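Participant: Given chain Y's structure and the hints, the job is docking chain C onto it.
Chains as they are written, first to last, in numbering that gives the first Met the number 0: chain Y, 0 to 286; chain C, 0 to 376.
Below, computed lysine to any residue pairings styled on SDA-like, alpha-carbon distance capped at 25 Å:
(1) C/216 to C/229
(2) C/278 to Y/91
(3) C/278 to Y/132
By construction, these hints were calculated from the structure, which means they are not laboratory data. None of the values given here were measured: they were computed from a predicted structure.
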Amino acid sequence: MIVSPSRPAEQAFYLDRVCFDYRHGPRAAESPHGGTLFRKLTFSVVAGEMLGVIGPNGSGKSTLIKLLAGIVRPCAGAIHVFGRDAGSLTRNDFGKLIAYVPQEFLTTFPFTVKDIVLMGRYPHRKADWLSFWGWEREADFQATAQAMADLNLLGIADKSVHEISAGERQRTLIARALAQEAKVVLLDEPTAFLDLKYQVDIGRRLYRLSRERGLTMIVVSHDLNLAGQYCDRLLLLNHGTLIGLAEPPAIMRPEVLESVYQCRVLVDHHPETGRPRVSLPGDIAGT
Amino acid sequence: MTGPHHLETAPSSSPAGEASPSDPLVTVLAVHHRLSRRWMAVMGILATVTVLLILLCLRVGSQPVDLIDMVHTFSHIIVPDRSQTDVEIGETILLYVRLPRVLLALLIGASLAVVGVALQALLRNPLADPYVLGISSGSALGASLALSIGVGHSLVQQATVPFWAFVGGIAAMAVVYRIALSGGRLPVHTLLLTGIIINAVLSAVILFVTSILDPTKLFRMMSWLMGNVPSPDFATLGILAAYAGVGILLLLRQAGNLNLLALGEESAMTLGVDVERVKKTVFVLAALLTGAAVSVSGMIGFVGMVVPHMLRMTIGADHRFLLPASALIGGCFLMISDTMARTLFAPSEIPVGIVTALIGGPIFIGLLMTHTARMNV
Chain Y
0 MIVSPSRPAE QAFYLDRVCF DYRHGPRAAE SPHGGTLFRK LTFSVVAGEM
50 LGVIGPNGSG KSTLIKLLAG IVRPCAGAIH VFGRDAGSLT RNDFGKLIAY
100 VPQEFLTTFP FTVKDIVLMG RYPHRKADWL SFWGWEREAD FQATAQAMAD
150 LNLLGIADKS VHEISAGERQ RTLIARALAQ EAKVVLLDEP TAFLDLKYQV
200 DIGRRLYRLS RERGLTMIVV SHDLNLAGQY CDRLLLLNHG TLIGLAEPPA
250 IMRPEVLESV YQCRVLVDHH PETGRPRVSL PGDIAGT
Chain C
0 MTGPHHLETA PSSSPAGEAS PSDPLVTVLA VHHRLSRRWM AVMGILATVT
50 VLLILLCLRV GSQPVDLIDM VHTFSHIIVP DRSQTDVEIG ETILLYVRLP
100 RVLLALLIGA SLAVVGVALQ ALLRNPLADP YVLGISSGSA LGASLALSIG
150 VGHSLVQQAT VPFWAFVGGI AAMAVVYRIA LSGGRLPVHT LLLTGIIINA
200 VLSAVILFVT SILDPTKLFR MMSWLMGNVP SPDFATLGIL AAYAGVGILL
250 LLRQAGNLNL LALGEESAMT LGVDVERVKK TVFVLAALLT GAAVSVSGMI
300 GFVGMVVPHM LRMTIGADHR FLLPASALIG GCFLMISDTM ARTLFAPSEI
350 PVGIVTALIG GPIFIGLLMT HTARMNV
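Okay, chain C solo, but in the shape it has when bound:
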């Protein structure tokens, strides 16, 4: 067996210490079972935490709802109670205001976190985030153009807003990537700077377009740019769930590829990864998910960076763990941030983007410092 002194084991001294035939076999089974059991355990715990946090966030608000009442309300959906004619106000708030909003925050947070993980692996940079890289502002421009130039309120038209956000996002991503790519490499600082500039320019364009086309909406547009989770109708929620669900599932499938790409494109290539195809797939999915999220909630920053960072420190870097875990915890993070945004200064609400920026900003700076130190070794 390899003891604690494996470091000192010189290659010549102990051929017996290596490759004894029984060792690997035992380890094989252990590794295999540990891996699959660990996946189940991690996801089980995180899913349970998510459900508990959903209940908690449903409870909190200007009109606190009791847990018992909540159970009542949900049981009414499953078994309609005919005897009760008047619908309680608490029940209405819970079902039509709070629940959709909590679920929406969950979906948006999950999308943004998963996109963050995928971009970080692809760019080999833990600071990548759809907001920091300017993808969100591209999406926002796409969505705001679609909204200002008269996409109406019919369901079909509404369902196309995420598509225009997707187009804007992918254009912004292509521009940032092109500019930052120098000599086949992606220097961290160039990438971040490019993202920030694109962000600033596109935000200015959005406000310019709004003030020209519809000045009355300027204030609403600004608050949307700061990031806001609305209380959606069920149609909006359904559309977003469809986009997010498909996007996240397709990204989860790339987990193995992302593991290899995170260690470098050349080395991934020699292991059989079709690097260009994977990159395109991931970029498209990232823009799709960002577009869907932004078209509903505006530009919420840092979720895609903070959540994966915290998870990597606890469950490791393997994307087969990291992606689904980030989806769950990203959802929770935004849900809690949004709950804080609507309750901390009640009755007035603050844009949730402010909450996530206040949490994410310091973490971003800390991460930038350690990343720079580590890559300059």
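Same shape as in the complex, but just chain Y:
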């Protein structure tokens, strides 16, 4: 396993021998490896870093994010969130600490951008009359407006989610995560459905937010180059096994990627940043 020396810093997450299998979940039958996905998974995420989670299809990337988000619980082992045992946290505690940005949401209901960003305030409701009927207070509108401003959404605040582009929908979900004022933002393939322009846009925004706010960001990505460019560290998974957790140059090496992805890849350097860059082999006719 490739592990770079970690500096002493606050840990956003510490996973201690976490096991997970699908036997308890609804998709037990679909799992290709006897239901067990993670076996004694141990690693930690430094507070304030931007961590990319990469790996082939079915390697457990999304499940890992769901474990961290508290959507599914480990069957053994412990997850510590900022030093607190996740098992002892309520859903609401989770909501205040960790924001989850799903891949894409399909809804038939015409919610407006503002409606959705406001929903991020749910974990902050108080035990009073206003919250009893599900209404927000001044501070909530403040945080919402700030989040919408941060992601350039004020101009489309009252548009329905059906009228906006996929990139704007993704920004809406990120704004909701910001309105949530959590310390960690988990993103499940935030650029999966986006054009190149929006991929770069979202990547840059996330990077800047993590730097400016000190947010811990964990991003699942299919796009190795985008992940390598914006992330401080990469976590490489294969069949639920942690192959490596280190800076991009240590992970994005041809021999590592080839053994995991089972295909030949070329790695050179980005002309501007010098970061590693992955290309597909040139022999398109096959050998």
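Facilitator: Here is chain C on its own, set in the frame of chain Y:
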């Protein structure tokens, strides 16, 4: 400020265009005041419309009642007129026949529409409706069993009929939900098909039970299955008002939760919603309201689907608006449908379920087509 060209604003080009400190603050206040003022305005308008429609529906009928007479009649209730000894026939019709029936239609329509909204959010499907999902027929079975197996006419016994309807409804809902739930998801078509089958089976059971136990009531039972708003006595009206009032109020409280659930259970969970508890609460309340409505009026379809659909297009998807608005407009919709049912072919009446089905059916098909298109993007 973000101009009309916000789409083209590249992230690198204009840090000044974003997050300037004065902008959000102004927007905050604007958003806040707009939201609360908008709620007041929307509900005010809808409540006014409701009152006007009540008066209109009271006027229409085999014995038209003048607006002036109506005011007279109502003023007599408040200030009894001793000098007038003989009670006018119009006044009797208005007070003891038409008014209870109009109010009953209002309550039933409100209950069904609110249940529709809640189920749609929970199942993330705009086609959900207590009738389409087979909940109504479960309630109908519960109620008809309670009625056939000798729940008598005393008030206490009568008040328990909605309870048995509730039991039947919740059982039917559990069965439909279990069957349709595949791999943690609820495919639209499986859900609808299951509901339709349950509906067909339970209706057959109801008619079977009726023909065995009391064949003389078979015709009445069939018309009840089609949905009928009776002219209730004040006791029945009171019982239903209690059930509906409590149920609707408790559902209104779930508006914030329903907003989050409408966007997906996982995402709601990460925002702090206790998904399982909310689901149980909403299912129980939905069965309760459906049971109360069905035990009085039989199976009236499509109110819970048509009304929320129309409202979403006009006032948006926020359940804090949608739920109370649906209660008002659902009430109006059924009240008008019932007025049509009793006047269009007077002196004979048609079951109100026919009217709502004729209006709702085409809307249902249209909605099914757009929904399928949208979810397959």
